[in-house]
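2 protein chains.
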Amino acid sequence: MDRPTIDHRGPEFAALAKECLEDIKAVFQTEHPVLIFPSSGTGAWEAALVNTLNPGDRVLAFETGQFAILWAKLAENLGLKVDMVPGDWRHGIDPAAAAAKLSADSGHEIKAVLAVHNETSTGITSDIEDLRAAMDNTDHPALLLVDAVSSLATAAYRHQKWGVDVTVSGSQKGLMLPPGLGFNAVGPKALEAAKTSTFPKGYWRWDDMLAFNEKGFFPYTPATNLLYALKESLAMLREEGLYWNVVDRHARLAEATRRAVLGWGLEIWAANPGEYSNSTTAVLLPEGVNEAAFRTLVLDKFNLSLGAGLGKVAGKVFRIGHLGDFNDLMLAGTLAGVEMGLELAGVPHRKGGICAALDYLTETRKQ
Amino acid sequence: MDRPTIDHRGPEFAALAKECLEDIKAVFQTEHPVLIFPSSGTGAWEAALVNTLNPGDRVLAFETGQFAILWAKLAENLGLKVDMVPGDWRHGIDPAAAAAKLSADSGHEIKAVLAVHNETSTGITSDIEDLRAAMDNTDHPALLLVDAVSSLATAAYRHQKWGVDVTVSGSQKGLMLPPGLGFNAVGPKALEAAKTSTFPKGYWRWDDMLAFNEKGFFPYTPATNLLYALKESLAMLREEGLYWNVVDRHARLAEATRRAVLGWGLEIWAANPGEYSNSTTAVLLPEGVNEAAFRTLVLDKFNLSLGAGLGKVAGKVFRIGHLGDFNDLMLAGTLAGVEMGLELAGVPHRKGGICAALDYLTETRKQ
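The listed protein sequences derive, respectively, from chains A and B. To convert a position in the first sequence, counted from 1, into the working numbering, add 818. To convert a position in the second sequence, counted from 1, into the working numbering, add 818.
Treat the hints as calculated values from the structure; they're not laboratory data.
Pairs of lysine-lysine residues, derived as DSSO-like cross-links and limited to a Cα-Cα distance of at most 30 Å, are as follows:
#, chain 1, residue 1, chain 2, residue 2
1, A, Lys1184, B, Lys1169
2, A, Lys1119, A, Lys1134
3, A, Lys1169, B, Lys1184
4, B, Lys1119, A, Lys1184
5, A, Lys1049, B, Lys1119
6, A, Lys1119, B, Lys1169
All values reported here derive from a predicted model rather than from experimental measurement.
Between the sequences and the hints, there should be enough to build the whole structure, so can you do that?
Below, the structure written as structure tokens:
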């Protein structure tokens, strides 16, 4: 992306955009359109809502963590009514709770279900396929809108097969890019809903965007240089092996991270092993440890940025990110920084967590 | 350096060159001129020889490893007569052997002593201060020419205080740059010798170079973009703390590396702890291990480039580099790659060398 910006109304740009718009579909596992906004993931959240719903509509959401809360708050700011299923932040979405809510909604007031696939704040991945099945069993017509910001290209994700209506994502996680691109993968039912949506909207309009995209253009100035980067990112993912090689790499590095955490005698925040995240691991610190001081020490001494606890878990957990352009030895360096940081900060722990991680990495490299 | 190339006869270039030529002196610890050639370190070797000596002159060298041999071969190619003190490649230069050779040379036929400060091929650093003292004790007038290619900005080096006549170096080691710049730090005695040197020379002429450098220019096209990079590299070294912070960082990472090697139950190739290198550690593999296959496995599985054994030690040792833009967690990743590689290649070793390294790194971070 470190190249001069080309004319976004010229033929060179059209070829680039058409290639990106086509090739990004494989990452979402869909044959339907994917729209690319010059925006953050939050913008893509808003685009998903304002194109498919109407002001005053009721939506169902699940309190799985900080990002679920933020998406619900955005929906409320837009004038939607959010029915939030409470949660303890240590579990993913409960499909049975979703089914109960939808079954009870005999008047079909709920127009959409908002689900965060991977909660970056807690390191918990919800099962979208199960959620879809639970929704289908109720014969409720609500749309399924999924936030796959931090799961795209890190965990298995199948927009079309799972029957997701809109998948929201961003450029700065599994796609390995700087922030600045927001994505909406849209299914036929969502496109149908968009025809009658009455939200006032300009920037986020799907119809304009899709019409321009046909010819490789955008209705307004696109993030041109980020599209150079996206083209390269998609090539890198293909070279590694879309789909499963990329997912397997993340799963393996995540498991190694968890072995280190258990090796240190610390607790993985996620309560359910079936919901462990491929992209982030949140670690519960022992009572009395100053979480901010620990992270500050690790940053100062080792130039390693650990994630803070967010929202409800602020001060209780820290987060280890292990996604994107990331490999065995980068993880080893990361875990070394955490282990040395635990020692230097006087956090009660057992030494040698990194060895447990390396044992697992070695064992799984034997094939 | 990823910027357009400027006119190397213009005022912007002159300011850049003057700054680099002045600021590089602190790295060599000298107040005398340092010349910068668009060349590799081998070019800087040649420049040191052809400016100070005459065809047919005798020089004294020490077989400390592969680079000592290569420098001697270059000298022979130029028509110099090389008196090589044999060595077992596990020890640095023996000052007593140098003194004996010079004392025996009552006719002062030996015009220069060629010393490699840090042997990259073996991970052994010779004591240049002791060598100088031994030479001084003999009252022999031979010049002292030192190769500091892989020691500059990694180990303590004092061109002026130690009385080195020419120090040769390159851009691609402690200076953290791509290859492409060769350096000659020159002392007054070397400049005096240059006045009467009869070697045919054009590119390597010090007199032309020094005359142009006065005004911030070069006699021919300089490696302009590498000079942008050198300016930044010198700023980085100053920010970290020239002189001792940079050296201490390398010494600490080198010691951690050696603790890992000993933790694996492997042997450090360097025989004398006083000569351990700050920049490279050569590790002796157990009898029967295929060294090339081991390094290939580590490269394939972990994208980690270990150094091959060179020359006499080819197939016997591998080398871990730990110099330049390198920190605790990069070393942890490196050692993790070696440890997992040893396991996967079936090299007899004890596990947990990395833990010994991390213990040391943690302990020395407590201050």
